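Between the sequences and the hints, there should be enough to build the whole structure, so can you do that?
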Amino acid sequence: MIEFKNVSKTYPGSTKPVVDGLSFEVLDGEICVLVGPSGCGKTTSMRMINRLIEPSSGQILIDGEPNTAMSGTKLRRKIGYAIQQIGLFPHRTIADNIAIVPQLLDWDKSRIKSRIEELLELVGLEPGQYRGRYPAELSGGQQQRVGVARALAADPPIMLMDEPFGAVDPINRSRLQDEFLRIQQEIRKTIVFVTHDIDEAIKMGDRIAILKEGGVLAQYDTPEEILTNPASNFVNDFVGKDRILKRLSLLRVGDMDLDPANGNGEGLPTLSDRLTVRDALSELMGAGVGRGVVQGDGDERRLLTMESIEALTKGARA
Amino acid sequence: MPSAGDPSQEGVVEGGLALLQGLELGEQPTVDWDWISRNFGDEILPALIGHVYLSFISVAIALAIALPVGIFVSRYRKAYPPVTFVTGLLFAIPSLAFFALLVTIPGVGVGPFPVIVALVAYSLLVLIRNVVAGIDSVPAETIDAARGMGLTKRQILFGVEIPLALPVIVAGIRIATVTIIGIATIGAYIAAGGLGVLIFQGISQDFPTKIIVGAALATLLAILADVTLLRFQRLFSPWTRRAGRA
Ligand SMILES: Nc1ncnc2c1ncn2[C@@H]1O[C@H](COP(=O)(O)OP(=O)(O)O)[C@@H](O)[C@H]1O
Ligand SMILES: [Mg+2]
Chain A
1 MIEFKNVSKT YPGSTKPVVD GLSFEVLDGE ICVLVGPSGC GKTTSMRMIN
51 RLIEPSSGQI LIDGEPNTAM SGTKLRRKIG YAIQQIGLFP HRTIADNIAI
101 VPQLLDWDKS RIKSRIEELL ELVGLEPGQY RGRYPAELSG GQQQRVGVAR
151 ALAADPPIML MDEPFGAVDP INRSRLQDEF LRIQQEIRKT IVFVTHDIDE
201 AIKMGDRIAI LKEGGVLAQY DTPEEILTNP ASNFVNDFVG KDRILKRLSL
251 LRVGDMDLDP ANGNGEGLPT LSDRLTVRDA LSELMGAGVG RGVVQGDGDE
301 RRLLTMESIE ALTKGARA
Chain B
1001 MPSAGDPSQE GVVEGGLALL QGLELGEQPT VDWDWISRNF GDEILPALIG
1051 HVYLSFISVA IALAIALPVG IFVSRYRKAY PPVTFVTGLL FAIPSLAFFA
1101 LLVTIPGVGV GPFPVIVALV AYSLLVLIRN VVAGIDSVPA ETIDAARGMG
1151 LTKRQILFGV EIPLALPVIV AGIRIATVTI IGIATIGAYI AAGGLGVLIF
1201 QGISQDFPTK IIVGAALATL LAILADVTLL RFQRLFSPWT RRAGRA
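Just so you know, the protein sequences line up as chains A and B, in that order.
Mind the numbering: the first sequence is residues 1 to 318 in the working numbering, read in order.
Mind the numbering: the second sequence is residues 1001 to 1246 in the working numbering, read in order.
Just so you know, these hints were derived from the structure itself, not from any lab.
One or more of the hints may lead you astray.
To be verified - Below, a list of computed lysine to aspartate or glutamate pairs in the EDC-like style, where the Cα atoms sit at most 20 angstroms apart: (1) B:Lys-1153 <-> A:Glu-54; (2) A:Lys-78 <-> B:Asp-1144; (3) A:Lys-189 <-> A:Glu-65; (4) A:Lys-246 <-> A:Asp-221; (5) A:Lys-74 <-> B:Asp-1144; (6) B:Lys-1153 <-> A:Asp-106; (7) A:Lys-314 <-> A:Asp-279; (8) A:Lys-78 <-> A:Glu-137; (9) A:Lys-246 <-> A:Glu-266.
Quick caveat: nothing in here was measured; it's all calculated off a predicted structure.
Quick look at the structure:
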């Protein structure tokens, strides 16, 4: 667990804090997304965790211990670090890049070698093909994958990721996000993930910390809760006019409480139970009928209506 | 001879032919191959070895100074302008005057020592500049990632900054080496030895063979050193060759 305790940061030569009295907790095995407009102190907050930046006041605890209990370099070797600009070492091969932290930690050669194989496979790069290449020989998306693999190399319990998919095109970004969520299902790291993109925050976060100008925490909640009950006008504006739709994109039609279709399904569009409610709504509107039939792998057919979708959004009207 | 208003290439060709004829057929041949073969072991070779020695020692000492100074000023930027100013002044002193002035300093005298001092002084500017430029060329995000992964400052300097700066540093060493090999010929004027000995003797004895041998060997030496350093750089920075093959 990572605990921010009234953490503030004022850079030298300035009087205004860029992070102001930040207090929140990141639970083990969760992705906590720091999101907010550019310059609101997300990167500064994240970099205080591994002490690339020292807070002006307040404390950050990791598993109950202040992060100042050990030297900065020792601390950083235990915390994975991935950034938007990736920062692969251009003079080292892909394998050597991934090996950096394990080498600092004096792992033996065979262990490092098998770890490299394992990680390259995890991020979807064929080891035989990519191990010996230099970073400049990889595409941007492939370099991002190596960046993530390198951050995971020594199997740190905590990962810091600063807009890790920010530099790739939207299609690749979406793919990298999906892959990373899949990986997280396996590895269950405690992750602090920085982004300025609310959609990415909603997609990636188990919990979202929305920061506003001056580094003040505007709301800290699950994506569901932030979309349903924005705590302030600032949050409401930041999540956008389409927050109801965004909330529907968090739900799958398969998880809805729907009545069996029985004989009423004739002539209605059939929808996969894996569709998000938002996409299903789009399908219903596209088909020009207010109803559809949800079907999964089994034979069970259930009826999806506009009314059942509307019922979902009721709580979010306020 | 080409007429006025006709500066054709023929003029150049004719001139070249005349020179070649002078070389081979003139009454007193310009290159006395016989002298070369008779004196290779006891005059030419020692001059060549002396020249390699002067140049190599000078580059080595200059590098030993420029590396730490360059690393220092790349960290403490305020020190860079004064360092550039002083080394720039040294670079601007005419070489012959520099040698002559050094000789007049009590306790220095003639010989290789003042020449090495001057050659080192000459190469500092380009070497320090390239060390700084090389370190500046290291991407900021590479350094940030290195810090973020827990490398110490020392590990970042020796494991990241210097290896990545190497191509630019070696480019500086190449310029410094070629320059030093050329200027070192003047060292013979104050009895430092080297290929300059042949050149100065050739002038005073009115014996062109010695001048040509001295000059040709100095040129070859410079080219050889340049190519060798380039090879060295490519060997130690393989990523620069394979970059861009994505
Ligand atoms: N090293 C620094 N020195 C002074 N000001 C800084 C420094 N780093 C960031 N800032 C300022 O602090 C504010 C917050 O920056 P940052 O944490 O990078 O924001 P974000 O990641 O949310 O865009 C910005 O106004 C930025 O200009
Ligand atoms: Mg940022």
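Hint check results:
1. B:Lys-1153 <-> A:Glu-54: holds (17 angstroms)
2. A:Lys-78 <-> B:Asp-1144: holds (16 angstroms)
3. A:Lys-189 <-> A:Glu-65: holds (18 angstroms)
4. A:Lys-246 <-> A:Asp-221: holds (15 angstroms)
5. A:Lys-74 <-> B:Asp-1144: holds (16 angstroms)
6. B:Lys-1153 <-> A:Asp-106: holds (18 angstroms)
7. A:Lys-314 <-> A:Asp-279: holds (19 angstroms)
8. A:Lys-78 <-> A:Glu-137: violated (29 angstroms)
9. A:Lys-246 <-> A:Glu-266: Violated, at about 30 angstroms.
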